[in-house]
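Engineer: First residue of the sequence shown: 542, per this note's numbering; consecutive thereafter.
To be clear, the hints were calculated from the coordinates, so they are not data collected in a lab. There may be inaccurate statements among the hints.
[Said to hold, decoys possible] In silico PhoX-like cross-links for lysine-lysine, where the CA-CA straight-line distance does not exceed 25 Å: (1) K572 with K543; (2) K575 with K564; (3) K543 with K575; (4) K552 with K564; (5) K552 with K578; (6) K572 with K552; (7) K578 with K564; (8) K543 with K564; (9) K543 with K578; (10) K552 with K575.
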Amino acid sequence: MKVRNSLRSLKQRHRDCQIVRRKGRIYVINKTQKRFKARQG
542 MKVRNSLRSL KQRHRDCQIV RRKGRIYVIN KTQKRFKARQ G
């Protein structure tokens, strides 16, 4: 999982990427391509 300060570019990498807020952190998750995971904060 990548820890980034900007997730805007990571969302564009795949069409199935979703931005989710959990416990004050912002995550990029992808159900089909598991390698596109990222966290902010």
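Engineer: Compare the structure with each hint and give your call.
Structural biologist: Do the hints match the structure? See the list:
Our distance criterion of 25 Å between C-alpha atoms is met by K572 and K543, whose separation comes to about 16 Å. In summary, the hint linking K575 to K564 is supported, as the alpha carbons are separated by about 21 Å, within the 25 Å threshold. With a C-alpha separation of about 12 Å, the suggested pairing of K543 with K575 holds against the 25 Å cut-off. At roughly 20 Å between alpha-carbon atoms, K552 and K564 fall within 25 Å of each other, so this suggested pair holds.
A distance of roughly 10 Å separates the Cα atoms of K552 and K578; the hinted pair therefore holds under the 25 Å criterion. Only pairs whose Cα atoms come within 25 Å are accepted, and K572 paired with K552 is accepted, the gap being roughly 13 Å. For a cut-off of 25 Å, the pair hint linking K578 to K564 stands: about 16 Å separates their Cα positions. Distance hint between K543 and K564 is fulfilled; the C-alpha atoms sit about 17 Å from each other, no more than 25 Å.
Restraint check for K543 and K578: the C-alpha separation of about 7 Å stays at or below 25 Å, so the hint holds. Restraint check for K552 and K575: the C-alpha separation of about 13 Å stays at or below 25 Å, so the hint holds.
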